[in-house]
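Sequence lines, in order, name chains W and R.
Residue 1 is where the first sequence starts when you use our numbering, and the numbers rise one by one after that.
Residue 1001 is where the second sequence starts when you use our numbering, and the numbers rise one by one after that.
In short, the hints are calculated from the structure, not lab data.
These figures come from a predicted structure and were not determined experimentally.
Keep in mind that the hints are not guaranteed to be accurate.
What the hints assert, rightly or not - Stretch by stretch, here's where chain W covers chain R in the computed footprint (C-beta under 8 Å, at least three residues):
#, segment
1, 1210-1223
2, 1226-1235
3, 1255-1268
Claimed, not checked - Below, a sample of chain R positions facing chain W; criterion: calculated Cβ distance under 8 Å:
#, residue
4, Val1035
5, Ser1038
6, Leu1039
7, Ile1128
8, Gly1143
9, Gln1305
Beta carbons: idealized from backbone N, C-alpha and C, even for Gly.
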Amino acid sequence: MTEILRTGASGRTSFASLTGSGQLVLGVLLVALCLGISAAAPQFYSEANIIAILRQCALVLIVASGMTMLIIAAEVDLSVGASLAFVGCVGMAVLNATDSLALGLVSALAFAGAVGLVNGIVVTLLRVNSLIGTIGTMMMLQGGVYLFTREAVQNHHQLASFTALGAGYWGPLPIPVIFAVAIFALCAVTLRFTTIGRYLYAVGANERAVRLSGIRSARLKLAAFVVTGLCVGVAGLILASLMNAGQPTAGRGFELTVIAAVILGGTSLTGGSGSLFGTLLGVLVLKVIDNGIIILGWNQDLQMVVPGIIIILASYFDLLRSRHHA
Amino acid sequence: MSSVTDRALGPPPVWRRLIGRQETAAFICLVALLVFFSLTADNFFSTRNFTNVLGQASLTLIAGIGCAVVFISGEVDISIGSLLATVALPLIVIMNDTNSLLLGVAGAMAVGLAVGVINGFLSAYLGINSLIVTLGMMFTLRGGVYLYTGQRAIADDAGLDSFIALSDGRLFDVLPYSAVIAIILLGVFVYVLRFRRFGRQIYAVGGNREVARLAGYDVRRVKFTCFVISSLLATCSGIILAARVGSAQHIAGLNFEFQVVAATVLGGVSLSGGIGSLGGMTLGVLILQFLSNGLRGLSLPTEWQLVITGAIIIAAVALDELKRRRAHGD
């Protein structure tokens, strides 16, 4: 019970809880990274580069917003990478067949939402551990996308409105960034200021207690899976627009990047604690590192090594801090 | 819970105990699969095909032993796929330099040992969540392999007979050597888990950490050792894989960890620790391998394998969960 109360309190960002959490460390790390990289390579602060970083962040942040809710509720979804590729192919195929942007978008989102629903049913109704269950759906999606199409689904009609989805601008900001900000804000408000959001923390901290107090925990988890699915739908459409095709091989390893960003942001894999603000910092840190490696002209394969080490270090510091408080 | 009450009422009949186990379900599933494919697929029911499947299964089987041991101790290790690619580098490079299989294998084992020690130290002694540790390790190793190879394969120039025999040699011209190695390792670890103190400690630590600690077991040392075992066994798989493809491939073992985890869970080893057996894991590996072999015999597109495998994993775990709920009257 005290566990729920405590996590309930830490969900709100006051200055005290911010300094007590890993977010301050992460924020300092982010600033240090930006300063360090720009000192070595001034073009880091060029407009083109900042926009490139933001666009990179957008894709990850959109999916990570849903994933944060899911991990707070003590579940995880490993199928998002495979689903990302499939959604792009489905959307593009419908777009080609109907020449209608609306139908393409709706069918892609419906498909992605359905994947989320299936994941949710597997985990809540069949009670399969979500780590295993979503490995199962990941395999089915990976196989399914190749049965659906062996090659990239090319963009036949080249609708301007579809291209704008990935490459367009609204004022100075790229459209994917607008989408990311909107979805992030929606999820953040839900988590922090609504009953559903508070219940998600409670379900993650102690599902049994939540069930016994009359809240339908299964429905909450199901909703979190569907929301994650829909987020993947949006990201998949943006990715298809950016690549101007639906690629069955896209999104390989994407699930790991997303989960890494969420964990880096201080959300606990055991559920019940974490915040979207942390996830935002996690995404930014990972993508600034990615970008720095390119800008500094280092070997791009370091893009896998550095995040790997950072994830381990971040969770170690997190552990040290929580021991210190206990 | 149910096992405690069972014991209080005296031992239940053998068939009763057998029916309740996921290993039995996995065994029935395997037999059904063999009958089905023998009737439908071409060239399925033959000694040659069965020994081939055993050879193919040996990679997953060997790494699966480690995976099961780590699961039983209540932890996870998903760095094994990347480790497969990593250990091939010292192996091939040293063999190319020295023309000695022994030195190459020693180099690979040293790297595998180091990875296991790091995983074990970070998870067991520093107490970081092992999923995160091995996820980080997975990234780091794969990135390291890409860095070292420049994303190109390193060919085996030495072409030692003993090394090539690992891939196509057969004991008495029947059983592939890789399968022989897998069976020997399996035998050793079944013995250790069932009959040695250390084996019982692994179950105790995974079943209830606090009770194991109070019973005087060194929980951290047991878990640490499990990570080292897992890495060393994955190294064996990596060596066999390198022999099979005749080179060190930077993409070797991609998604391998998911296959192994799936097979292990399919065989009834619980992710939450303390429950499961190597026999079950072996059945899980064989089911998945015969399934993929049989489907190829039916000349279905290979992608169906992934779809069907995914569905079977979900169904198996769901059934197990249903059974457990019934037993608890929940």
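Results of checking the hints against the structure:
With 0 residues having a Cβ less than 8 Å from any Cβ of chain W, the segment 1210-1223 of chain R misses the three-residue criterion, and the hint is violated. Closer than 8 Å: that is the beta-carbon criterion, and the segment 1226-1235 of chain R has 0 residues meeting it against chain W, so the requirement of 3 is violated. Beta-carbon proximity to chain W at under 8 Å applies to 4 residues in the segment 1255-1268 of chain R; the threshold of 3 is reached and the given coverage holds. For Val1035 of chain R, the interface hint is violated, since its Cβ never comes within 8 Å of a Cβ in chain W; the closest pair sits about 24 Å apart.
With 8 Å as the threshold, the beta carbon of Ser1038 of chain R stays out of range of chain W, its nearest partner Cβ sitting at about 24 Å, so the hint is violated. For the restraint placing Leu1039 of chain R at the interface with chain W, the shortest Cβ-Cβ distance is roughly 24 Å, beyond the 8 Å limit, so the hint is violated. A cut of 8 Å between beta carbons decides the hint on Ile1128 of chain R: the least distance to chain W is about 5 Å, and the hint holds. With its C-beta approaching chain W no nearer than about 3 Å, Gly1143 of chain R sits inside the 8 Å limit, and its interface hint holds.
Residue-level restraint check for Gln1305 of chain R holds (minimum Cβ-Cβ distance to chain W is 7 Å; threshold 8 Å).
Going down the numbered hints, you'll see the structure goes against 1, 2, 4, 5 and 6, while the others check out.
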